[in-house]
Structures are given as C-alpha cells and as structure tokens.
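Trainee: Fit chain B to the known structure of chain A by using the hints.
Residues per chain, in single letters:
Protein chains: 2
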Amino acid sequence: MDKRPLILVTNDDGITAPGIRKLIEVMKDMGDVVVVAPDNPQSGKGHAITLDATLYINKLTKENSTIQEYTCSGTPADCVKIGIKEVLKRKPDLCVSGINHGSNASINVIYSGTMSAAVEAGIEGIPSIGFSLLDYDLDADFEGLEPYVKKITQNVLDNGLPDGVVLNVNFPKKSDTPFKGIKIARQARANWNEKFDKRINPMGKEYYWLTGVFENLDGGEDTDEFALENNYVTIVPVQFDLTAHHFIQTLNTWKL
Amino acid sequence: MDKRPLILVTNDDGITAPGIRKLIEVMKDMGDVVVVAPDNPQSGKGHAITLDATLYINKLTKENSTIQEYTCSGTPADCVKIGIKEVLKRKPDLCVSGINHGSNASINVIYSGTMSAAVEAGIEGIPSIGFSLLDYDLDADFEGLEPYVKKITQNVLDNGLPDGVVLNVNFPKKSDTPFKGIKIARQARANWNEKFDKRINPMGKEYYWLTGVFENLDGGEDTDEFALENNYVTIVPVQFDLTAHHFIQTLNTWKL
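Chains as they are written, first to last, in this note's numbering: chain A, 616 to 871; chain B, 616 to 871.
Cβ-Cβ distance ranges computed for the label pairs, FRET-style:
| no. | chain 1 | residue 1 | chain 2 | residue 2 | range |
| --- | --- | --- | --- | --- | --- |
| 1 | A | 861 | B | 618 | 29 to 35 angstroms |
| 2 | A | 752 | B | 705 | 34 to 40 angstroms |
| 3 | B | 740 | A | 836 | 19 to 25 angstroms |
| 4 | A | 846 | B | 705 | 37 to 43 angstroms |
Simulated from the structure, these hints should not be mistaken for lab results.
Treat the numbers as computed from the prediction; the structure is a model and nothing was measured.
C-beta: ideal position from N, C-alpha, C; glycine also.
Isolated chain A (complex conformation):
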C-alpha cells in the first residue's frame, strides 16, 4: 500500500476502555485513524443491531489531535455501519476491533461484540481483525502486546484477506513467562454451563443474574483454547458463511 491506510478502530467495551486506547496507540503509527466506538459497554451484545431505537454520534476529537474520535450510542455492529456510511463516507482500508478485556476464543466468538464489529466490517468487504486479551479486568495489562498487534496488522495490510474471512486474535493472560509465539488455530468446541443466580428484589419478586462456568469440550491440540493454555497468541480465521457444507449431502437423503 503506497499511501497511509485509513483505519477504522472500534470495540465493545466502550471508547474509554484501556484496551481500545492501547489499540489506537498502535494504529496511529500504521495509518490514518478514525475511532467510532460505543459510548457505553456493549459486552455480550453479539451481532445485535439497533432497529427499534435512534442512534446518536458524538464527535470527541481533541484539539490538535491527528486522530478523529466519535462515539455512537449503538452496538459494535452499529458503530461499524454508521462509521463507514456517516463518519468516513467511504470504506476504510482496514477495521480493527478491541483490544477486548476478556476472551473471544472458542464459543465466545458467538456472543462477542468485539468480533461482531470485525465481522460486520468483513461483510462490507473490509479486511478486519478482532483483538482480545484473556483478562476481564478493567486494569488488564496490555504491555507487550504491541509487537504482535503490529505484526498481524501489517500482514493483513500487505496480504489482504479473502472475501468472507476476518481474523480473531486472542492473547493469553499476562504472566511472568513471555508469550511463546503465534499459533494459527481452529475454534474449540466449548460451551458455558450456565448457573442462574436467583434473588428477590425489594418488591418481593424473583429475578435472575446469568452466570456460568466455561467448559472446553474439545480434546484437540489444534484449537485456540489449547494454544492459549500453552501461552501462545492465537489467530483463528473466522467466516460468516455459516453453512454446514459437510451436512448438505446427508440432508439431501432425508424424506422431505
């Protein structure tokens, strides 16, 4: 790419989260950065879009800043849609989402606002990457991630991505041991074993909080969960063609 690429940055934890501030810091060396991020936390919002409510955009760009920043009142997917159509008025060369405070490995990708923003950009034909750190703490330590974020992003800028594919990058929680490197992996088969925490509200009515315990059901050594447990940074190529092509032949034998 001859000229500086135009990079749309978003996330699901909201524009003030340390994870997106770190991502902006890395991206400003790599291209012209425009941020369009939620004005409030949107974790677990999946690929929700706002059909039944209004959307607001607020310009936050600081004086003398080279980075344009906007908040949007909607979901991460809304941020990408409105970012492209109303803020940028053209397709960016790249979209990056994150760095999420928490895992988007294995089945978490399905519930993830971070990854839904990346997927939304992919649907629009934009090379796109979601970054996540396996640490839900707001004070999570993002130091040491920069070289990985930069290397993966530069590869996407140089090589592009095939139509219909975006990247899901996860970092192990920081420890005293440095990351062992990068592994290309597949999404582990896993689920959440939900526990509903039942309580009584001040009016005497029962209500519930959704909680759960993560269960890796996949014994494979080629999965993102396995690599992350072994202190590797993982990249899973993610597609939004959900067709289970391997089952079409069997379905055609059913008596329908």
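Mentor: Frame of chain A, contents of chain B only:
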C-alpha cells in the same frame, strides 16, 4: 422416539406474535410443549445475552392448558438458557424457534434473534430448528406452512442432527402459487447497503435511524436466496464453528 418428545418453543418477535402461536399449534401435536419466549420484540438482537442486567421469568400458562408458557425479559439466547436451566430443569429433546416474521436467509442469519435461539440450543447439544417466513408484516399469512414445519421437525426427531449443526428454514412470502417443494441450500453471500435516515430531535440534536437495501452479491443457483426467489422452501444447515478452515493453510505461510 418412544415417548412424546419435550419441545422448547421460542422466538424473537415476542410471545404474542402470530408466528410463534402458529408454531405452538403445530408442535402441540408432536410432543409436550414448553414455551419460553421474550416478553417484548427482540428482532435484530443477534446472539446477544444479558450480562449487565437482571432477568425475569413470568408464568403465563392458562388454566387447563396442556402447554406451559413463560415469558422472559431477556434476549432469545437468554430464553433458551433460562428455559433449559430454570424452567425445564433438563435438556429438551428439541428446540424450535419462530416462525419469524421476516427473512433469515443469507446474511440475515447473522443478525437474527430467531436463529441465535436455535444456535444457542445447538451449543447446548439440543437438536434445533429456526423457522422464518419472508414477510415482515405482523399480519403475515402462515396458512399452508404447517405440513412443511411438521415434516421437517419429524425428520429431525427421527434422524437427529450432528453435533454443531442446526437447521435454518425459510419460507417464501405467500403468493397465489403454492410452494414448489423443499430445497437444501447454502447461505447466499449478501449484505445490506445501509442508509442512515438523519433527523433532528425536538432539542435540536441530530439522530439517525438505521435502514438499508438488501443486496444479493451471489450469482450461485445453490443458494437460499435463489431457491426462495423460485418459490421453494429452503433448509440451510448452520454451524457455529466459525473457523474458516480453508484459509488456515495460507495463514501458516504468513511471516508471523
């Protein structure tokens, strides 16, 4: 299956929508029906789950009714989770979601609350089907869909589904011509070309409504869009392993 199957019914249009009432009517001949559906419309909610707010369940079962009915204040995915863990206290034998008022063919599956409920049940290891009619009208005509719903459901009860696969069934909008039959199809590559409808609120502030025009980018004749245009009922097998397996080999050649 020797005894009557236990069937969990849900949707995203809310428990009073004509589409779910039709689905309940069909299912009550096929098994023991428990309904856990949103207490308010949840269209476009994707695979959102409720992490930052409380959840309520309300029992609506009518006296002398053989069908148990509950509303949940959360998303379609929440309904399935809380339905299994708090209402049924065991895994149902089948989960059906819909009948949605509107298309969940092609890229719509990504944004769909109807399909996210079906996928959530699939993640929990339950055979699961989402049904949708290509008519957004609340007064949509669901007559004539019953034999198809019944046949597809009976096949799933008899044959089961492989782990990780759920079915996405779409019906063409009703016309004077009867459906031509059922086609097994793949998800068409399509997107929405968004138009943001900008307005000024009474306080003088700009706001937006998300609208858009559907664009089928896929010339294939094996897609759901093609079959629906030709008046076929479509079944797309849908998976929640989002790994783009075909791109892993190339990614391994990148300088990372």
